[in-house]
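*Asks:* Turn these sequences into a full structure, and let the hints steer you where they fit.
Quick note on numbering: our numbering labels position 121 of the sequence shown as 146, and the sequence is numbered without any gaps.
Hints listed in this document are in silico derivations from the structure and should not be mistaken for laboratory results. All C-beta atoms in this analysis are idealised placements derived from N, C-alpha and C, irrespective of residue type, glycine included. Be aware that one or more of the hints could be misleading.
[As the list claims (entries may be wrong)] Restricting the straight-line Cα-Cα distance to at most 20 angstroms, the calculated cross-link-like pairs of lysine-lysine (PhoX-like) are:
hint	residue 1	residue 2
1	K57	K70
2	K67	K142
3	K67	K57
4	K127	K142
5	K67	K56
6	K56	K152
7	K127	K57
8	K134	K152
9	K70	K56
10	K152	K70
11	K152	K127
12	K152	K142
[Claimed, not checked] Quick list of simulated restraints, FRET-style, between CB atoms:
hint	residue 1	residue 2	range
13	N130	N97	14 to 20 angstroms
14	R135	T38	24 to 30 angstroms
15	E81	Q155	17 to 23 angstroms
16	D49	L111	39 to 45 angstroms
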Amino acid sequence: MLDTSTYSDLSSTTLQQQIQALQDIIEEMVKKGTAEWEGGPKGSKTEAYLYWHTPEEWANLIWNWINETGQNDQIVTYYEIAHGELAEGQEFYDIDHNVLDKALNVLVKRGNAQIFKGTDEDSMGVKFFQ
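*Replies:* What follows is the structure, encoded as structure tokens:
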């Protein structure tokens, strides 16, 4: 997550121009689907997620892994996906919780998964359907 608000207290015109240029770059990335403003398009535009894989691409990686490891029709916790033994060596190992949530919601929209809320981030679960 990139946080541009840490620079907003500085009064240098050059620095403010650099921040604006950075925000413009992020805005272009948002249009291409490789970034997303925290809080959505109407948010403060001071924090952004920069993706090397879009949520759709992460969803595909996770979906392939679920199928390869035979975890369909089972409930798997977010923790098991992001930090579990079976996930070691996968690109999504240690994935940010918010990015994981976005990816899993892609699978929900496709009808491939259902999310179960837990008491905290790691105890949330997801059931995958074939």
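*Asks:* Could you work out which earlier hints the structure fails to respect and list their numbers in ascending sequence?
*Replies:* 2, 6, 10, 14
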